[in-house]
Amino acid sequence: MQIIENQFLKATINPLGAELVSLFNKENNTEYIWNADPAFWGKSSPVLFPIIGALKNNQYFYQGKTYTLPRHGFARERVFSVESQTESSIIFLLKQDEESLKVYPFDFEFRLIYTLLEKTLSVSYSVKNTGNNEMYFSVGGHPAFAVPLSENSVYDDYYLEFNQTEDFPRWELADGGLIKKEATAFIENTNRLPLTKELFYQDALVFKHLQSTSVVLKADNSEAKLTFDFQGFPFLGIWAAKNANFVCMEPWCGIADSEIHEQDFTKKEGIEIIQPDQIFLRTWSVSV
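Numbering (this note's numbering), first residue to last: 1 to 288.
Everything labelled a hint here was simulated from the structure, so no lab data went into it. Don't take each hint at face value.
[Unchecked claim] In silico lysine-lysine, DSSO-like type, Cα no more than 27 Å apart, as pairs:
(1) 95 with 119
(2) 119 with 102
(3) 56 with 225
(4) 26 with 65
(5) 43 with 119
(6) 119 with 56
(7) 267 with 128
(8) 43 with 242
(9) 102 with 128
(10) 43 with 267
(11) 10 with 180
(12) 180 with 119
(13) 218 with 242
(14) 208 with 56
(15) 242 with 267
(16) 218 with 119
(17) 43 with 65
(18) 267 with 10
(19) 65 with 242
(20) 181 with 10
(21) 128 with 225
(22) 225 with 65
(23) 267 with 208
(24) 218 with 56
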């Protein structure tokens, strides 16, 4: 495990998947990250690359060939190297190798950059195309935040408060994790989403192109709260495993295939494209 810290926060990251496993507030002894209890869900904050969600039939087509990738791609199961580190920041690096090229035919440098600044942890995804052709990819986060955050509160006390009033049409997931072809009405003209465990009994809430750029996880009877900033990410997933004490806020540049997608990787909804030597950078952050 790798640790970075400052006077307020201590973050622990596992090189396997460059996965955040702890964000601890030294001032009030609060842990903000889900403990990855395998009885519910054995992850805490996996990175999603080079796809997000499921592919139709777990396959995509590119330049006349068929490739197979599991849901959310392969990066979360790979060991990243530590490229550089200071007391309060660390950069993890993953490159293509013989195994990745069998399922994803692109040369790349993928960096996860964790930085602590006062009471904020920022997590940056840097993707560099080191090949000679256009590179197609998706990237995103899946951080799971512990709920409740204090002993005097329970799960149903908490809600998500967005920084804009929104209409929230929900893009439901069909069998196999594919996005249904049309959205369904969910909630309208509000900036608040109350949390209940039943909310996730039918899988994740998936939203497209919200006006909001941040959301606060809070309860009126608890001083512990966090602000999650996802500016620059066009898709947002919200999810929890059945009856588990966490909520995932998932910022995505990319999305699962739709039911009607023809599996052409270059025409995948939300796919990002970068030219040779170009670098793509996105950052989410959590402030406590």
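Verification of the supplied hints:
Restraint check for residue 95 and residue 119: not satisfied, since their Cα atoms lie roughly 31 Å apart, outside the 27 Å limit. Of the supplied pair hints, the one linking residue 119 and residue 102 is violated, its CA atoms being roughly 41 Å apart against a limit of 27 Å. A threshold of 27 Å between alpha carbons decides the hint, and for residue 56 with residue 225 the separation of about 38 Å lies outside it, so the pair is violated. Simply put, residue 26 and residue 65 have alpha-carbon atoms about 51 Å apart, too far for the 27 Å limit, and the pair is violated.
Using a Cα cut-off of 27 Å, the hinted pair residue 43 and residue 119 holds, with the two alpha carbons roughly 24 Å apart. For the hint pairing residue 119 with residue 56, the CA-to-CA distance comes to about 41 Å; that exceeds 27 Å, so the pair is violated. Taking the CA atoms of residue 267 and residue 128, the gap is near 21 Å; set against the 27 Å cutoff, the hint holds. As the CA atoms of residue 43 and residue 242 are separated by approximately 14 Å, the hinted pair is consistent with the 27 Å bound.
Straight-line distance between C-alpha atoms of residue 102 and residue 128 comes to about 19 Å, which keeps the hinted pair within the 27 Å bound. Between residue 43 and residue 267 the CA atoms are separated by roughly 30 Å; this puts the pair beyond 27 Å, and the hint is violated. Only pairs whose Cα atoms come within 27 Å are accepted, and residue 10 paired with residue 180 is rejected, the gap being roughly 40 Å. Proposed proximity of residue 180 and residue 119 is contradicted: the alpha carbons are some 39 Å apart, above 27 Å.
Between residue 218 and residue 242 the alpha-carbon distance is near 21 Å, which keeps this suggested pair within the 27 Å criterion. A distance of roughly 19 Å separates the Cα atoms of residue 208 and residue 56; the hinted pair therefore holds under the 27 Å criterion. Restraint check for residue 242 and residue 267: the C-alpha separation of about 33 Å exceeds 27 Å, so the hint is violated. In summary, the hint linking residue 218 to residue 119 is supported, as the alpha carbons are separated by about 16 Å, within the 27 Å threshold.
For the hint pairing residue 43 with residue 65, the CA-to-CA distance comes to about 32 Å; that exceeds 27 Å, so the pair is violated. For a cut-off of 27 Å, the pair hint linking residue 267 to residue 10 is broken: about 41 Å separates their Cα positions. For the hint linking residue 65 to residue 242, the alpha-carbon distance of about 38 Å lies beyond 27 Å, and the restraint is violated. Taking the CA atoms of residue 181 and residue 10, the gap is about 42 Å. The hint is violated against a cut of 27 Å.
A distance of roughly 35 Å separates the Cα atoms of residue 128 and residue 225; the hinted pair therefore is violated under the 27 Å criterion. Simply put, residue 225 and residue 65 have alpha-carbon atoms about 48 Å apart, too far for the 27 Å limit, and the pair is violated. With a C-alpha separation of about 17 Å, the suggested pair residue 267 and residue 208 falls inside the 27 Å cut-off, and the hint holds. Annotation: proposed proximity of residue 218 to residue 56 is violated, straight-line Cα distance about 36 Å (limit 27 Å).
When the structure is compared with the earlier hints, violations turn up for hints 1, 2, 3, 4, 6, 10, 11, 12, 15, 17, 18, 19, 20, 21, 22 and 24 and for no others.
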